[in-house]
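Make the full structure from the sequences, and use the hints.
There are 2 protein chains.
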Amino acid sequence: MKIALIQHSVRANKESTIEATAAMVKEAASQGAELVVLQELHQTPYFCQYEDTDLFNLAESYKEDVAYWAQVAKENGVVLVASLFEKRAPGLYHNSAVVFEKDGSIAGKYRKMHIPDDPGFYEKFYFTPGDLGFEPVDTSVGKLGVLVCWDQWYPEAARLMALKGAEMLIYPTAIGWFDKDDEDEKRRQKDAWTTVQRGHAVANGLPLVAVNRVGFEKDESGVLDGIRFWGSSFVCGPQGEMLAEAPSDKEVTLICDIDLARSEEVRRWWPFLRDRRIDAYGGLLKRFID
Amino acid sequence: MKIALIQHSVRANKESTIEATAAMVKEAASQGAELVVLQELHQTPYFCQYEDTDLFNLAESYKEDVAYWAQVAKENGVVLVASLFEKRAPGLYHNSAVVFEKDGSIAGKYRKMHIPDDPGFYEKFYFTPGDLGFEPVDTSVGKLGVLVCWDQWYPEAARLMALKGAEMLIYPTAIGWFDKDDEDEKRRQKDAWTTVQRGHAVANGLPLVAVNRVGFEKDESGVLDGIRFWGSSFVCGPQGEMLAEAPSDKEVTLICDIDLARSEEVRRWWPFLRDRRIDAYGGLLKRFID
Chain V
1 MKIALIQHSV RANKESTIEA TAAMVKEAAS QGAELVVLQE LHQTPYFCQY EDTDLFNLAE
61 SYKEDVAYWA QVAKENGVVL VASLFEKRAP GLYHNSAVVF EKDGSIAGKY RKMHIPDDPG
121 FYEKFYFTPG DLGFEPVDTS VGKLGVLVCW DQWYPEAARL MALKGAEMLI YPTAIGWFDK
181 DDEDEKRRQK DAWTTVQRGH AVANGLPLVA VNRVGFEKDE SGVLDGIRFW GSSFVCGPQG
241 EMLAEAPSDK EVTLICDIDL ARSEEVRRWW PFLRDRRIDA YGGLLKRFID
Chain U
1 MKIALIQHSV RANKESTIEA TAAMVKEAAS QGAELVVLQE LHQTPYFCQY EDTDLFNLAE
61 SYKEDVAYWA QVAKENGVVL VASLFEKRAP GLYHNSAVVF EKDGSIAGKY RKMHIPDDPG
121 FYEKFYFTPG DLGFEPVDTS VGKLGVLVCW DQWYPEAARL MALKGAEMLI YPTAIGWFDK
181 DDEDEKRRQK DAWTTVQRGH AVANGLPLVA VNRVGFEKDE SGVLDGIRFW GSSFVCGPQG
241 EMLAEAPSDK EVTLICDIDL ARSEEVRRWW PFLRDRRIDA YGGLLKRFID
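Heads up: the protein sequence lines correspond to chains V and U, in order.
In terms of this note's numbering, the first sequence opens at residue 1 and continues consecutively.
In terms of this note's numbering, the second sequence opens at residue 1 and continues consecutively.
Calculated directly from the structure, the hints in this document are not laboratory data.
Please note: incorrect hints may appear among the correct ones.
Heads up, the list lumps identical chains together, so a pair's fine if it works in one copy or across two of them.
To be verified - Result set (DSS-like, lysine-lysine): computed pairs, CA atoms no more than 27 Å apart in a straight line:
1. Lys164 to Lys286
2. Lys143 to Lys286
3. Lys286 to Lys63
4. Lys63 to Lys74
5. Lys190 to Lys63
6. Lys124 to Lys63
7. Lys286 to Lys2
8. Lys218 to Lys87
9. Lys143 to Lys14
10. Lys164 to Lys102
11. Lys63 to Lys102
12. Lys250 to Lys143
In structure tokens, the structure reads:
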């Protein structure tokens, strides 16, 4: 199966950004992609660089946004993973991934469960932690374990998706560097990001797709300089082997073949699920064991 | 703190093997190592290549083995992680890691929890799964999260050690290639092994030490050719960054500096433990969620 990862930068406004993205989806579909994955909060700049109540306005259009991407999925006949700012009720917002079927219907939704908060990434202000749990989305191209960004650091999230039958792990994400960090620190950060996700693929015997935004986005509050999103979207197979990788500084549609049948083969060699010590894992439900 | 990883091949018999290993420990201590980690079942060939009840005899000397390595720890004034075949009762055996203090006392013990079984690695025949849980061992050089080999594929094991306050993850191991596999497959296997462990370091903000045996060991049953243990012992830091790595085909004492204080720094930047969704992890205690 051909999949496409669309790694892009933001345009001058939302309208031109989503038009450009829709054109990239169309191009991906014309190249045979059946599954297209977009980056985290792909319609706008990464607005969590500072806290501003006015920015909740970005979620007001959630229903129209869903309708828009449903139409894009339908027109191109692809399963599409979009990442949207969801207004659920006044004062209640989520960072949600919506999965559309080839006919434009909603196959399922995931609300980001792990919410980060650190300087430049003030997500706890904007996003209520998800309450839908870790549920893969059943689609015509397989059972998709869709997670979002910060989730990618949590082996628990990947494992739960695998235990619920996910055939692939998918992470729309928005992660980047601060220019002030030195090159060694930048390299360690990006390597850690790639490595921990490849580790999830290995531990669960599943292919994994991570789609990150690219380009510099200024911190409009002026407190920090801004974030240089490091792109480097990638696909790895069920042994964590890299199948495709995007550059760190360019917009790109990365097209890659995935063989879902390979997971069965790899899991026969490395039957990790067989030997889990579920009798001894109770402590995983604790914050810390002291 | 200086640590030493002793990656070696087996000699003609147990006596000459342990003498050579003890000499390597002495050399490591003379170079300033305070913690020395030995590979899995380092006293003998990896005997699990076939099933033979006579091989349980190898565990008969468990008490003498403990006394021997206690003496080596004491003579060299190092904390020592040894990996021994433990006879606990007639017909009841474990794959155990014993941790010795600098004065030769036993600081603690870990019994391998996850037991593999696949052609050439018939461990379920020899080893009863551990019943001591995932408990770090308190020593004068820190709280050591000692795990063994197959455990290294399980994020749950690493996480539980971290939640119990481990300051370092340590894996004595015995893993290698079958010569009949092609080079691509061999590369994928070794990369997966390194990657999943580096991933544990990242996810938990802890340094990690893996010590593997090296050299070819024939399958004496004649069913398979044998295993070419791939060495490649390594140390990585709490961002998964490689700090030291041994060759895949040579005996070596790898000495490396570890800064345990760096974990605090890394965990402040990446506070993964803060955001775990323990309210939503119940499924981790199930075999599969269907």
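Here's how the hints hold up against the structure:
Taking the shortest Cα distances, Lys164 and Lys286 sit within 27 Å of each other both inside one copy (21 Å) and across copies (10 Å). For a Cα distance limit of 27 Å, the shortest separation of Lys143 from Lys286 across copies, 19 Å, qualifies, whereas the shortest one inside one copy, 29 Å, does not. Taking identical chains as interchangeable, the C-alpha atoms of Lys286 and Lys63 are never at most 27 Å apart, the minima being 37 Å within one chain and 36 Å between chains. Taking the shortest Cα distances, Lys63 and Lys74 sit within 27 Å of each other inside one copy (17 Å), while across copies they are farther apart (70 Å).
When the C-alpha separation of Lys190 and Lys63 is checked against a cutoff of 27 Å, the pair qualifies neither within a copy, at 34 Å, nor between copies, at 47 Å. For the homomeric pair Lys124 and Lys63, the shortest alpha-carbon distance inside one copy (23 Å) is at most 27 Å, but the shortest distance between copies (55 Å) is not. For the homomeric pair Lys286 and Lys2, neither the shortest alpha-carbon distance inside one copy (40 Å) nor that between copies (33 Å) is at most 27 Å. Taking CA atoms no more than 27 Å apart as the test, Lys218 paired with Lys87 passes inside one copy only; the shortest distance there is 25 Å, against 63 Å between copies.
In this assembly of identical chains, Lys143 and Lys14 lie within 27 Å of each other by CA distance neither inside one copy nor across copies; the values are 30 Å within and 51 Å between. Taking the shortest Cα distances, Lys164 and Lys102 sit within 27 Å of each other inside one copy (23 Å), while across copies they are farther apart (47 Å). For a Cα distance limit of 27 Å, the shortest separation of Lys63 from Lys102 inside one copy, 19 Å, qualifies, whereas the shortest one across copies, 65 Å, does not. For the homomeric pair Lys250 and Lys143, neither the shortest alpha-carbon distance inside one copy (30 Å) nor that between copies (44 Å) is at most 27 Å.
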